[in-house]
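A.B. asks: Protein chains in written order, with my numbering: chain A, 36 to 147; chain B, 302 to 417.
Keep in mind that a hint or two might mislead.
Incomplete in silico selection of chain A near chain B, CB under 7 Å [what the hints assert, rightly or not]:
{"#": "1", "residue": "64"}
{"#": "2", "residue": "67"}
{"#": "3", "residue": "77"}
{"#": "4", "residue": "78"}
{"#": "5", "residue": "79"}
{"#": "6", "residue": "81"}
{"#": "7", "residue": "126"}
{"#": "8", "residue": "133"}
{"#": "9", "residue": "135"}
{"#": "10", "residue": "137"}
Listing some non-contacts, in silico: residues in chain A with all C-beta distances to chain B over 10 Å [to be verified]:
{"#": "11", "residue": "40"}
{"#": "12", "residue": "50"}
{"#": "13", "residue": "69"}
{"#": "14", "residue": "101"}
{"#": "15", "residue": "102"}
{"#": "16", "residue": "138"}
Everything labelled a hint here was simulated from the structure, so no lab data went into it. These figures come from a predicted structure and were not determined experimentally. Note that the Cβ used here is the ideal one computed from N, Cα and C, for glycine as well.
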Amino acid sequence: DAKTTQPNSMESNEEEPVHLPCNHSTISGTDYIHWYRQLPSQGPEYVIHGLTSNVNNRMASLAIAEDRKSSTLILHRATLRDAAVYYCILRPSSNSGYALNFGKGTSLLVTP
Amino acid sequence: SQTIHQWPATLVQPVGSPLSLECTVEGTSNPNLYWYRQAAGRGLQLLFYSVGIGQISSEVPQNLSASRPQDRQFILSSKKLLLSDSGFYLCAWSVRLGFYSNQPQHFGDGTRLSIL
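Bound-form chain A, shown alone (with noise of 0.2 Å):
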């Protein structure tokens, strides 16, 4: 699989916007790019995965650059909740495997 490179760590304040970028500058045409987050104890959770085209859900926003070598999951309005580990994961569209490749990810802060 391609190789995703995001920064170790983020902090954020409360109510705030967030921005968590993620570079796959060896990414494939049919690579999907994947987002999870994991909350300390948990199981990961999906948050998002887009293509081409920037894409919304009720979680966060995917913006994909043009060239598909970057990507940004953006978090609207942080919470404390909202505090994680965040990984970019990206998936191709073939059968090429089943395991998601989780990376060490971003651990976002979100202080009050």
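Guided by the hints, dock chain B onto chain A, whose structure is given.
C.D. replies: This is chain B only, laid out in the frame that chain A set:
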């Protein structure tokens, strides 16, 4: 809506004892099912996945086995636990759409297993 249940939440077992962790999914049919392990301070490692009843694929050689006796039930077992089996065990499911593997996976709350 779909839900996934794992139990127990925590488990302390002596070395050499057997293990059985159960996972069930509700609100969906014919899901793909997965068992992952997360060792302390490390990433998730896929142990097993299943695309149907009785169909189990192993990703890594190990001391564990998995079974899928019913469509929405996935069981992780061991006959004799090792110290290295300690970790956080997570069950997940995804929609099965042919060979496409880009469907999101939805995780349970996990079982924290400590081997003494």
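A.B. asks: Hint by hint, say whether it matches the structure.
C.D. replies: Hint check:
The restraint placing residue 64 of chain A at the interface with chain B is violated, with a minimum CB-CB distance near 13 Å, outside the 7 Å limit. The closest approach between the C-beta of residue 67 of chain A and any C-beta of chain B is roughly 4 Å, which is under the 7 Å cut-off, so the hint is satisfied. The interface hint given for residue 77 of chain A holds, since its Cβ lies 6 Å from the closest Cβ of chain B, which is under the 7 Å cut-off. Checking residue 78 of chain A against chain B: minimum C-beta separation of about 3 Å stays under 7 Å; hint holds.
The restraint placing residue 79 of chain A at the interface with chain B holds, with a minimum CB-CB distance near 5 Å, inside the 7 Å limit. Hint status for residue 81 of chain A: holds, given a least beta-carbon distance of 4 Å to chain B, under 7 Å. With a cut of 7 Å, the hint placing residue 126 of chain A at the interface with chain B holds, because the nearest CB-to-CB distance is about 4 Å. Among the interface hints, the one on residue 133 of chain A holds; its C-beta lies about 5 Å from the nearest C-beta in chain B, closer than the 7 Å criterion.
Look at residue 135 of chain A: its Cβ gets to within about 6 Å of chain B, closer than 7 Å, so that hint holds up. A distance limit of 7 Å between C-beta atoms decides the matter here; for residue 137 of chain A the minimum to chain B is near 5 Å, and the interface restraint holds. No beta-carbon of chain B comes within 10 Å of the beta-carbon of residue 40 of chain A; the shortest separation is about 15 Å. For residue 50 of chain A, the requirement that its beta carbon stay farther than 10 Å from each beta carbon of chain B is met, with the minimum near 28 Å.
At the 10 Å boundary, the C-beta of residue 69 of chain A falls inside the reach of chain B, the nearest C-beta of that chain being 7 Å off. Interface exclusion of residue 101 of chain A from chain B stands, the closest Cβ pair being 21 Å apart, more than 10 Å. Against chain B, the non-interface label of residue 102 of chain A holds: every CB pair exceeds 10 Å, the least being about 20 Å. Under the 10 Å C-beta cut-off, the non-interface status given to residue 138 of chain A relative to chain B is violated; the minimum distance is some 7 Å.
Violation of the numbered hints given earlier is confined to hints 1, 13 and 16; the remaining hints are satisfied by the structure.
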